[in-house]
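Construct the complete structure from the given sequences, taking the supplied hints into account.
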Amino acid sequence: MNAIFREDRTLPPVELLMQIWGKTMAKRFRIRQLIDKSVVPGRVYTPCVAKWFRLERAAANSFTAQPSEVWSGAAQDRLSQETFPVNIDEENGRVYACKCGQFQTVQLPCRHAIAYILEFTNWRLDKFAQDWRRMPAWRGTYTQNLPPINFSLVEQTALLEDLVFTEEDPEVVAPIEVVPVLGRRRTLRMEAGLVQRRGQNPPGQHRRVNHCSECGQAGHKKSNRARCPLFRYRPYDA
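Residue numbering for the sequence shown follows this note's numbering, beginning at 1 and increasing consecutively.
Simulated from the structure, these hints should not be mistaken for lab results. Heads up, a few of these hints could be off.
What the hints assert, rightly or not - Within a straight-line C-alpha distance of at most 27 Å, the following computed DSSO-like cross-link-like pairs (lysine-lysine) qualify:
(1) Lys23 / Lys37
(2) Lys99 / Lys51
(3) Lys51 / Lys37
(4) Lys99 / Lys127
(5) Lys37 / Lys27
(6) Lys127 / Lys37
(7) Lys27 / Lys51
(8) Lys51 / Lys127
No experiment lies behind these values; they were computed from the predicted model shown.
Structural data, given as structure tokens:
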């Protein structure tokens with residue numbers, strides 16, 4: 001499909017749509033052939049779901065199922081001794097959650113849930129697959145063919161010409177003309193400090209402001225004892 005848009009995008013719209021329709025129908029035909037080959041008496045799931053259950057059921061043999069006080073049950077790994085709690089609805093036959101998180105993602109019971117189901121319940125694994133994962137739903141999806149695209153370029157062009165557009169075109173705003181300044185850009189050092197002090201200094205005098213550590217006022221330092229108001233009451237001993 002990507003090759004059509006990459007190589008044949010210069011074709012007329014009708015031919016481009018017909019090629020897309022042909023690619024889609026070819027893919028649907030291949031899936032229908034796969035479905036016909038997958039129809040086996042007694043098979044309930046689609047091939048991917050059947051493979052999932054086969055692998056997870058084989059991996060469930062390495063876990064030991066045990067009951068749990070908080071959750072429905074748990075499965076413990078025989079090698080690492082790690083425990084995976086499993087929450088199962090016994091009335092509706094649904095696995096709600098597992099510590100591994102695979103059920104929350106795939107919506108199919110994982111190996112820990114299968115180990116608990118086979119050990120403490122009499123349920124079949126068919127009970128835990130949604131209806132849209134079964135063979136009838138899969139076959140019904142690809143039973144009908146998609147009709148071809150009935151598109152006439154002449155008719156569509158005539159319809160576009162008959163349309164009357166009442167909306168006015170939006171006003172085009174010209175961009176701001178920026179005149180570049182000749183010369184090298186001046187380096188602004190201590191920019192952060194200047195921005196903080198600009199509100200305290202008169203316009204045009206962006207200089208660094210000194211603060212006194214004795215009185216806390218601005219305009220002088222502790223070394224300038226004559227300017228400090230506290231120097232009069234507590235003179236500095238030279």
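- Where does the structure disagree with the numbered hints, that is, which hint numbers, in rising order? Hints that this structure does not satisfy do not exist here, as all of them hold.
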